[in-house]
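Chemist: Keeping the supplied structure of chain A fixed, place chains B and C upon it in accordance with the hints.
Residue numbers (this note's numbering), protein chains in the order written: chain A, 1 to 121; chain B, 1 to 121; chain C, 1 to 121.
Be a bit skeptical, because a hint or two may be false.
Since the list can't tell identical chains apart, any single copy or any two copies may satisfy a pair.
[As the list claims (entries may be wrong)] As a list, the in silico DMTMM-like pairs of lysine to aspartate or glutamate whose alpha-carbon atoms are at most 25 Å apart:
no.: 1; residue 1: Lys65; residue 2: Asp112
no.: 2; residue 1: Lys116; residue 2: Glu86
no.: 3; residue 1: Lys89; residue 2: Asp112
no.: 4; residue 1: Lys65; residue 2: Asp14
no.: 5; residue 1: Lys65; residue 2: Asp99
no.: 6; residue 1: Lys116; residue 2: Glu58
no.: 7; residue 1: Lys89; residue 2: Glu75
no.: 8; residue 1: Lys89; residue 2: Asp99
no.: 9; residue 1: Lys89; residue 2: Glu58
no.: 10; residue 1: Lys65; residue 2: Asp36
no.: 11; residue 1: Lys116; residue 2: Asp36
no.: 12; residue 1: Lys116; residue 2: Asp14
no.: 13; residue 1: Lys116; residue 2: Asp16
no.: 14; residue 1: Lys89; residue 2: Asp14
no.: 15; residue 1: Lys89; residue 2: Glu37
no.: 16; residue 1: Lys65; residue 2: Asp110
Just so you know, the hints here were simulated from the structure itself, not pulled from any lab data.
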Amino acid sequence: MPHLHVEYSNNLRDLDVDRLLLRLNHTLVGSGQFADELDIKSRAVALASYRVGTALSERAFAHIKLSILSGRSPEVKRQLSAALLEVLKEAVPAVAGVDIQLCVEVLDIDRDSYAKTHVPA
Amino acid sequence: MPHLHVEYSNNLRDLDVDRLLLRLNHTLVGSGQFADELDIKSRAVALASYRVGTALSERAFAHIKLSILSGRSPEVKRQLSAALLEVLKEAVPAVAGVDIQLCVEVLDIDRDSYAKTHVPA
Amino acid sequence: MPHLHVEYSNNLRDLDVDRLLLRLNHTLVGSGQFADELDIKSRAVALASYRVGTALSERAFAHIKLSILSGRSPEVKRQLSAALLEVLKEAVPAVAGVDIQLCVEVLDIDRDSYAKTHVPA
Numbered sequence: 001m002p003h004l005h006v007e008y009s010n011n012l013r014d015l016d017v018d019r020l021l022l023r024l025n026h027t028l029v030g031s032g033q034f035a036d037e038l039d040i041k042s043r044a045v046a047l048a049s050y051r052v053g054t055a056l057s058e059r060a061f062a063h064i065k066l067s068i069l070s071g072r073s074p075e076v077k078r079q080l081s082a083a084l085l086e087v088l089k090e091a092v093p094a095v096a097g098v099d100i101q102l103c104v105e106v107l108d109i110d111r112d113s114y115a116k117t118h119v120p121a
Numbered sequence: 001m002p003h004l005h006v007e008y009s010n011n012l013r014d015l016d017v018d019r020l021l022l023r024l025n026h027t028l029v030g031s032g033q034f035a036d037e038l039d040i041k042s043r044a045v046a047l048a049s050y051r052v053g054t055a056l057s058e059r060a061f062a063h064i065k066l067s068i069l070s071g072r073s074p075e076v077k078r079q080l081s082a083a084l085l086e087v088l089k090e091a092v093p094a095v096a097g098v099d100i101q102l103c104v105e106v107l108d109i110d111r112d113s114y115a116k117t118h119v120p121a
Numbered sequence: 001m002p003h004l005h006v007e008y009s010n011n012l013r014d015l016d017v018d019r020l021l022l023r024l025n026h027t028l029v030g031s032g033q034f035a036d037e038l039d040i041k042s043r044a045v046a047l048a049s050y051r052v053g054t055a056l057s058e059r060a061f062a063h064i065k066l067s068i069l070s071g072r073s074p075e076v077k078r079q080l081s082a083a084l085l086e087v088l089k090e091a092v093p094a095v096a097g098v099d100i101q102l103c104v105e106v107l108d109i110d111r112d113s114y115a116k117t118h119v120p121a
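One chain only, chain A, in its complex shape:
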């Protein structure tokens, strides 16, 4: 915890995913909401099969899902999603002729049944 997922349509060709993940993680550390930077586990998946709406024009999207243990306030969640969206906006380059949507969703993980173990190097 937290877990962060980035999904993006693969017509966002110039997105530097490794840099994006690092910046997202720094943003989560900077939020002060998470005790240990080690806990932040982020991943990104490029989507080869996607469809935005029903029109024929070319469209793209990137979506972040942040999953955090239940118990944080609505205000904290709003601040987290706003901060992540800022990073995403800076990271995703415009593509000529392509309509782009960027979104961030925050989701609770059931704290009671979450199980974890750590095998240090």
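Modeler: Using the frame of chain A, we list chains B and C on its own:
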């Protein structure tokens, strides 16, 4: 919003994924639940590593997850999942000797912390 | 139902994913919580793009998400996540110099809007 995810085991070899996504999006537009066709963001992922149950016979599945902003009624959610399942049934061809399961799940996105931006082409 | 997702960073090179999925499914059958082994649908995805925290040292993770129809008790969910974590711990080999995190999350699927069909072989 809405976000739609299709996952399918890659032994469903003859599934026309692009056609499926377009038909699912048309179904969501036709439901009247979503203001703008542009908002519908769908993707499909073929699974290379999967296991259905514990028996040795060959099995397949396709699963749809529809994520919508919280606030819709149980009745609307049931209608949406039933309509998407109909499309999935028509789209997935039978495979000789393969047991197939098709499912649809509807999930709420926390409306309060959802953040989005749009960069028109 | 149930649906199980395994995600793992692809620096866990020696993970035998097919064996892991089969063992996880056997564990779910053995829990006595699910009527039919056929219902258990598991998949695994190797992540090529991931970032754990902000430090430069090499890190890995594997994450299980178990999605079950709503209505089970917190105690049952804790037992399921503990049992799955045990399987994951046994399955993931240590990697020299790599810090590894293993986690299990249990999630409710909205029972009311879940739709399913079965096409027997």
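Chemist: All hints, please: hold or fail.
Modeler: Structure-based check of each hint:
1. Proximity of Lys65 to Asp112 under the C-alpha cut-off of 25 Å is found in both arrangements, the shortest distances being 20 Å within a copy and 14 Å between copies.
2. In this homomeric assembly, Lys116 and Glu86 come within 25 Å of each other (Cα to Cα) only across copies, at 10 Å, whereas the closest approach inside a single copy is 30 Å.
3. For the homomeric pair Lys89 and Asp112, the shortest alpha-carbon distance between copies (20 Å) is at most 25 Å, but the shortest distance inside one copy (34 Å) is not.
4. Taking the shortest alpha-carbon separations for Lys65 and Asp14, only the intra-copy value of 21 Å comes in at or below 25 Å, while the best inter-copy value is 28 Å.
5. With identical chains, the CA atoms of Lys65 and Asp99 are at most 25 Å apart both within one copy (21 Å) and between copies (24 Å).
6. For the homomeric pair Lys116 and Glu58, the shortest alpha-carbon distance between copies (19 Å) is at most 25 Å, but the shortest distance inside one copy (42 Å) is not.
7. Taking the closest pair of Cα atoms, Lys89 and Glu75 come within 25 Å of each other only inside a single copy of the chain (21 Å); across copies the shortest separation is 36 Å, beyond that limit.
8. For the homomeric pair Lys89 and Asp99, the shortest alpha-carbon distance inside one copy (13 Å) is at most 25 Å, but the shortest distance between copies (31 Å) is not.
9. For the identical chains of this complex, Lys89 and Glu58 are intra-copy neighbours only, at 19 Å inside a copy versus 28 Å across copies, given an alpha-carbon limit of 25 Å.
10. Both within a single protomer and between protomers do Lys65 and Asp36 lie at most 25 Å apart by alpha-carbon distance, with minima of 20 Å and 22 Å respectively.
11. Taking the closest pair of Cα atoms, Lys116 and Asp36 come within 25 Å of each other only inside a single copy of the chain (14 Å); across copies the shortest separation is 28 Å, beyond that limit.
12. Only between protomers do Lys116 and Asp14 lie at most 25 Å apart by alpha-carbon distance; the minimum there is 21 Å, versus 35 Å within a single protomer.
13. Proximity of Lys116 and Asp16 under a CA criterion of 25 Å is satisfied inter-copy only: 20 Å between copies versus 30 Å inside one chain copy.
14. In the homo-oligomer, the alpha carbons of Lys89 and Asp14 lie at most 25 Å apart inside one protomer (13 Å), although the nearest pairing across protomers, at 37 Å, exceeds that limit.
15. In this assembly of identical chains, the alpha carbons of Lys89 and Glu37 lie at most 25 Å apart whether taken from the same copy (23 Å) or from different copies (22 Å).
16. With identical chains, the CA atoms of Lys65 and Asp110 are at most 25 Å apart both within one copy (15 Å) and between copies (11 Å).
In summary, this structure violates none of the numbered hints.
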